[in-house]
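A.B. asks: Chain order of the listed sequences is A and B.
In this text, residue positions in the first sequence follow the numbering used here: the first is 1, and each later residue adds one.
In this text, residue positions in the second sequence follow the numbering used here: the first is 1, and each later residue adds one.
Just to be clear, a hint being listed does not mean it is correct.
[Claimed, not checked] The calculated lysine-lysine pairs, modelled on DSS-like cross-linking and capped at a C-alpha distance of 25 Å, are:
no., chain 1, residue 1, chain 2, residue 2
1, B, K54, A, K64
2, A, K90, B, K54
3, A, K78, A, K90
4, B, K20, B, K54
5, B, K27, B, K54
6, A, K78, A, K64
7, A, K120, B, K20
8, A, K64, A, K120
Keep in mind that the hints were calculated from the coordinates and are not lab data.
None of these values were measured; they are calculated from a predicted model.
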Amino acid sequence: MFRQLLRNAKERLRRFLSECGRRARVLRDSLRRQPDRIDPSSRFVSGFRYGYWEREARGLELLKEWLSPEQFAQYDAKSYFEVTGCHSGKRYRISRGTSMNIHELDGAGRPRVGWCFAPKGHLVAGDVMLAQKIALETDERGALAVANRFGVAGGRNTLLDY
Amino acid sequence: MATQIVMDRAGDTRHNFDVKNADALLKAEERFRELTGAGFTAAVRTASGETVVKRTFDPNAEETLFFPRLVGG
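Based on the sequences and whatever the hints tell you, model everything.
C.D. replies: What follows is the structure in structure tokens.
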């Protein structure tokens with residue numbers, strides 16, 4: 001009886017996943033036919049000169065222009081780069097993203113605590129990461145003064161001070 | 001030719017100006033004052049690649065980057 005139930009559950013799961021895949025393909029095809037609909041921002045902000053992906057790409061280009069060669073290589077390989085805080089000399093890892101993407105590293109290079117701050121407004125990821133880099137490298141105390149801190153446990157972020 | 005790069009929702013907006021043109025230079029200085037007055041941070045890169053924050057307009061800066069005030073996320 002248990003085996004029968006398991007078989008039924010498996011069959012239901014297979015059908016469910018198959019249906020999800022079919023719907024995803026239909027959605028993807030319809031979005032491809034209407035490229036404007038891919039741009040999520042166009043639903044919220046009118047008058048943009050660039051589409052979502054183009055804005056993201058521009059932001060990343062700007063970031064790469066301003067990274068040091070070492071940071072650039074690191075970002076290219078790992079999707080994050082490290083900076084040194086100008087006041088404490090501590091190392092920070094800035095990962096690709098717009099929030100909760102900064103980790104203070106311990107002596108062994110492991111994340112020990114997270115910091116969350118970003119430039120005001122809806123900026124693309126590249127711009128946010130560049131502002132975070134400049135802030136930590138030129139005004140670490142000022143940046144951390146406005147930042148929220150979050151704990152890092154077992155590789156997952158845990159909110160501490162929200 | 002110098003450039004002021006202002007981060008915005010479009011990624012960034014670039015304002016190019018000729019440093020030898022007095023009017024253009026004045027306009028660039030006004031833009032600098034307006035942006036920093038509105039809370040933007042202005043940063044330039046030195047020849048060695050180091051990033052430096054500027055509190056006053058630097059007419060010799062080839063590229064000045066402006067980003068909005070930082071807030072806790």
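A.B. asks: With a cut-off of 25 Å on the C-alpha distance, tell me whether K20(B) and K54(B) pass.
C.D. replies: 21 Å, holds
A.B. asks: Checking one constraint from the list: CA of K27(B) to CA of K54(B), max 25 Å. Satisfied?
C.D. replies: Given that 25 Å is the threshold and the Cα spacing comes to 17 Å, the pair holds.
A.B. asks: Does the alpha-carbon distance linking K78(A) and K90(A) stay inside the 25 Å limit?
C.D. replies: 20 Å, holds
A.B. asks: Taking only the CA atoms, is the gap from K64(A) to K120(A) under or equal to 25 Å?
C.D. replies: 21 Å, holds
A.B. asks: Taken at face value, is the distance from the CA of K64(A) to the CA of K78(A) at most 25 Å?
C.D. replies: 14 Å, holds
A.B. asks: For the pair we were handed, K90(A) and K54(B), check the Cα-Cα distance against 25 Å.
C.D. replies: 23 Å, holds
A.B. asks: Are K120(A) and K20(B) close enough, with their CA atoms no more than 25 Å apart?
C.D. replies: 34 Å, violated
A.B. asks: Would the pair K54(B) and K64(A) pass a check requiring their Cα atoms to be no farther apart than 25 Å?
C.D. replies: 21 Å, holds
Checked against the numbered hints given earlier, this structure breaks only hint 7.
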